[in-house]
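Protein chains in written order, with our numbering: chain A, 42 to 389; chain B, 42 to 389; chain C, 42 to 389; chain D, 42 to 389.
Treat the hints with caution; some may be incorrect.
Identical chains share a label here; the pair holds if one copy fits it or two copies do between them.
Taking lysine to any residue and the SDA-like style, the derived pairs with C-alpha atoms no more than 25 Å apart in a straight line are [what the hints assert, rightly or not]:
(1) K321 with D101
(2) K321 with W89
(3) K312 with E110
(4) K208 with R78
(5) K321 with N98
(6) K209 with E289
(7) K386 with L316
(8) K82 with Y113
(9) K248 with T296
(10) K138 with W179
(11) K82 with D155
(12) K357 with N241
(13) K248 with F267
Calculated from the structure, these hints are not laboratory results. Just so you know, these numbers come straight off a predicted model, no measurement behind them.
4 protein chains.
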Amino acid sequence: MRVGIIGATGLVGQRFVSLLANHPWFDIAYLASSPERSGRKYGDAVHWVIEGEIPENVRDITLAAMRIEDIYRADLDLVFSALPAKIAAEIEPKIVKEGMTVISNSSPYRMEPDIPLINPEVNATHLKLLYLQEERGWRGRLVKVPNCSTAILTLPLKAIASKACIKKIYAVTLQAVSGAGKEGVPALTIIDNVVPHIPNEEEKIQKETKKILGEIGNGNINPAPFTVKASINRVPVLDGHLIHIFLETCEEVETEELIQALHDFPNNEIKGMNLPTTPKRPIIVRYEPDRPQPRLDRLAGNGMSVTVGRIDAENKTIRLVALGHNTIRGAAGTGILIAETMYRKGIS
Amino acid sequence: MRVGIIGATGLVGQRFVSLLANHPWFDIAYLASSPERSGRKYGDAVHWVIEGEIPENVRDITLAAMRIEDIYRADLDLVFSALPAKIAAEIEPKIVKEGMTVISNSSPYRMEPDIPLINPEVNATHLKLLYLQEERGWRGRLVKVPNCSTAILTLPLKAIASKACIKKIYAVTLQAVSGAGKEGVPALTIIDNVVPHIPNEEEKIQKETKKILGEIGNGNINPAPFTVKASINRVPVLDGHLIHIFLETCEEVETEELIQALHDFPNNEIKGMNLPTTPKRPIIVRYEPDRPQPRLDRLAGNGMSVTVGRIDAENKTIRLVALGHNTIRGAAGTGILIAETMYRKGIS
Amino acid sequence: MRVGIIGATGLVGQRFVSLLANHPWFDIAYLASSPERSGRKYGDAVHWVIEGEIPENVRDITLAAMRIEDIYRADLDLVFSALPAKIAAEIEPKIVKEGMTVISNSSPYRMEPDIPLINPEVNATHLKLLYLQEERGWRGRLVKVPNCSTAILTLPLKAIASKACIKKIYAVTLQAVSGAGKEGVPALTIIDNVVPHIPNEEEKIQKETKKILGEIGNGNINPAPFTVKASINRVPVLDGHLIHIFLETCEEVETEELIQALHDFPNNEIKGMNLPTTPKRPIIVRYEPDRPQPRLDRLAGNGMSVTVGRIDAENKTIRLVALGHNTIRGAAGTGILIAETMYRKGIS
Amino acid sequence: MRVGIIGATGLVGQRFVSLLANHPWFDIAYLASSPERSGRKYGDAVHWVIEGEIPENVRDITLAAMRIEDIYRADLDLVFSALPAKIAAEIEPKIVKEGMTVISNSSPYRMEPDIPLINPEVNATHLKLLYLQEERGWRGRLVKVPNCSTAILTLPLKAIASKACIKKIYAVTLQAVSGAGKEGVPALTIIDNVVPHIPNEEEKIQKETKKILGEIGNGNINPAPFTVKASINRVPVLDGHLIHIFLETCEEVETEELIQALHDFPNNEIKGMNLPTTPKRPIIVRYEPDRPQPRLDRLAGNGMSVTVGRIDAENKTIRLVALGHNTIRGAAGTGILIAETMYRKGIS
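With the rest of the complex left out, here is chain A:
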């Protein structure tokens, strides 16, 4: 399958490039970035900041302009979008209208009822609603990747929801600087410091979590009935979002039973599909009292596993700590996993 990446020189764009360079199913056939870079070779135009070198087979691809005609002419099966919100809001619908499928990491449209917001192990079934997009007059399809923290948070929540009805969720995040992009957080702001604020982040976590864990009903997604309260921090960590979670449940759960459910996370949604990007275990349970830690656990399962630890349950209250790689599980990796899921399900 021929795939394109738009917003290919940003930080999430680089992750898409890195993860797709040797992908068994997808070939990078098109890369686009901001207009002033178009016409230059990817290897010359990008300021590469992620680990490893720029993949050899991508280095010489010429960056295209991001015009609809060009994208259309590139004859792509799929477009991955890592565009900034404002540009995404404008361009993505135009591409989809022309008949192409876009899997997008950008925030606009995530909460629209007919736009599936997918974390494959959690809610691949929500892809069923894609047909609703025909009513917009779109010939293609638009699928959204969740906000980075939400993608990490919803995996253990789904596992826990199989054992207990959740009434209320409190989440406090410690988010890495890479979440704000290549130049998003100035060093002068964050050295010897933490900042308890990222614009709109708490709202995204609160709303998206309820949508992802919601149920399909009446041709719609009914948001999960629990309350989510999020309080966030930016911390001086390069990659990896850590989330402290407290859950109030309807009935008592045993800590051991909970650990088992997390460890065995059945992954019904995409189980048995043998997707190239699925990690062996979507959730890894660590038993050491000082884990998970961003630097030690962020690359577990090639960045696609969420590591959980410090699990305990008493008095209908569960506490756990979850850690995931914010630009892999929290962005590009999940985008690719969505594409693989759709491919296997025959959706396009």
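Model the placement of chains B, C and D on the given structure of chain A, informed by the hints.
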């Protein structure tokens, strides 16, 4: 008043020295540290790591051995203890038995029913229970400074408790490396990382908060009736503990009313005493969405104020973020404020 | 004296504001920043990032546009410029042409023969050349503050030059992130990293050092006859540039003699002027093997002293390490010291 | 070959374990650490701090006591030592006396005339002198790995020495915290700071560089005739030592010629041996103005390549910046490369 500091070369010991060097009421008349340092001048023996230089008038004081006889002979009115837990557990009762008052930052005995655990603006009245110590055969008195996070947390909790009955508290801390002492956290552990674990810290926060906000009754302190759940982190910050707090209350509170209560924190307990170490405002409310921050707010009120922000209340749930200096408000500063309170109240 | 600050909301602008807010001679009478901020109050428009709060008496000053007419109409005795290089190159000459004195921290014109580049304790005599500017048709005067590293480096060099003829200088700098401004260095670039590059910085150090230590002759400054080789680094430090220096000298010097010369740095140039911003000692010698350090020494002499250590001399080679605050001694502080020097000398 | 590692739980010990776990020639047959850990399984006793998990095939090896009899009985072909200096000084000679070969990363004996100090691509020929050790009555052999900075520095020096006679070397290092071991540098010392001191480090670099680049003559190593001046820093970087180098040469060299020599570094000493641990290029030349950087370049050549950049030469002065992984090229990796070289040469 002649005061002594035991454990004077450690990080909290250095804070005591720094804050007492020019104190209007207290004169440093005795400094002790580990046996191998005794006999050396303080300025030569200490590895000074806090901001500013070693105070001139302390530099030449000779470090004493920490023997009871020596302490006794020094004719002190008061001893501040910044000893490690194990040594404190053994030595502090011996000093008190001999008739001296010890104000101690160490954790042992904090939860004993007859040992007041004091954050002066919150529960100075608990000092009333000191007479109970006579039953131990002690001729002196022992008062404990709360755990660093607890000292910071209980100030806004007290203010809020005046407006709403608190049912449940969730607290997630982001704690500075200085909390572990001069060499407590290796750089290799914490650069590009956070660690969601400090031994026994969560238990301390949970229990001490209930004791400090408890009520005197029947010659005892009845712990506050709410539940406290704490989940903690060590972060790459030098000084300043940040705490994300969610509170569940019995009834609705208005955000504005809450902000007012925090801002006006009446500080009944020690109001009007004009103590040298009281900050102008024990609680400072910041309205910017990205405050408080450790580096920008830790020295507010000379390190004795707790800065709060991101306050909102809805559906009987309050969210706020609090920040305090962990070795000033969270240790030495509060120790000195206790001493001042006792002095004004005529307790010794 | 009524002074203005142009570029007042940037990092160096904030230092100017902070240092001038309570200055005994100078009153802030005019503040300007980028056009989109003009008309707003300083306290609302600035993103304040330096220690302490915005000075009360500055908070409510309305930011002016940076038009020549406005500056002229403000009836200023002096303008401090903290403008970005490109804007400074265009605007500063226009202001000077109109008859105003500008003391500028920006790099353009620093190497022009008729523009004094002044580090007051080192080369205040170079101000003599200001009359040359009349030939440009300027009615005012333009004086330049050296590059941050050069301002720090030239103080100990001047002291050493009094004891030995210097043949060659090798300098390796470890520069703080604040040197690049509020948002100059992304956290993603510098956490767990150092970057051995800052555009044009090495050239600036090499050329400016020779000009500052040069001698007046024939109505011109003859650059010092030694060679300077600089190699630079950006490091994850907030404030304070550390410089490792190797000097090759014509003859042997004794280490002790050298230490004496640094310690006694006679400061002939502005000695006895009693300027408000002169530190008690322009150079502070530390004898501990692990000093100077940025975090511990950057605020020595209120940020105006350069701390040196690790001094030794053998085989006509001197080694020392110097540390100064890059936005005080290396920028705003030196700018103000120049103004004070000119005022005392009756130049304006 | 059956190999043992003594000092196996420290940071360099962990690197030895990690690099040897799947080595094609060497099998880990013995691991020893401090007495209190002996008898425990490696996986339980070690506080693993390097990237990746503990190798599966090492996890269950029981830690031995470090008694000579035990080592002897383990029937090893080779022992790698990562012991602290003091213990190494005592134990290593005893093991060698018993007939075993020890390749040691510890500093004692490095400067002894009959102990080869080897960086294989630079001076593998120095192994010839091993026969001298018979005079000590040793039945085995002792070979030393250079100090971490020296191992990195001597690779480009050797390449340059092939093009120009070197008169003087100035080196300023920016060294990672891992160089001091797992708990060597407290976070409180190094966050927002650099420290221009590591005990004895400068002396080691100065002396060892001259020995490694020395020539064999008269059954001895004549140190290289140039002068080395080193000035060092500890910086808040996890892994990777960066070194700024200035070289004074007897005659002019062209920058281009120099780059060529570094790029083509012929590696005569061990060329053609096809050793498993040799990197494809011992020296990698980067042309970007902001490279090398610790985080981006430390794992080049699996941590065995030294990356150089910022190369220029003029007026008989060369400037370059070199970067290497301090616990791989600067310690365990070079130790293993020495073992491979000796094995190929038939020395044991």
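Each hint tested on the structure:
1. K321 with D101: between (33 Å within a copy, 23 Å between copies)
2. K321 with W89: So K321 and W89 pass the 25 Å test across copies only (23 Å; inside, 29 Å).
3. K312 with E110: neither (38 Å within a copy, 55 Å between copies)
4. K208 with R78: neither (49 Å within a copy, 47 Å between copies)
5. K321 with N98: Answer is between; shortest inter-copy Cα gap is 20 Å, intra-copy 27 Å.
6. K209 with E289: both (5 Å within a copy, 11 Å between copies)
7. K386 with L316: within (11 Å within a copy, 48 Å between copies)
8. K82 with Y113: within (20 Å within a copy, 50 Å between copies)
9. K248 with T296: Between. Shortest inter-copy distance 22 Å satisfies the 25 Å Cα cut-off; intra-copy 28 Å does not.
10. K138 with W179: within (4 Å within a copy, 63 Å between copies)
11. K82 with D155: Neither way: K82 and D155 sit 37 Å apart in one copy and 46 Å across, limit 25 Å.
12. K357 with N241: between (30 Å within a copy, 22 Å between copies)
13. K248 with F267: within (11 Å within a copy, 29 Å between copies)
Checked against the numbered hints given earlier, the structure breaks hints 3, 4, 11 and satisfies all the rest.
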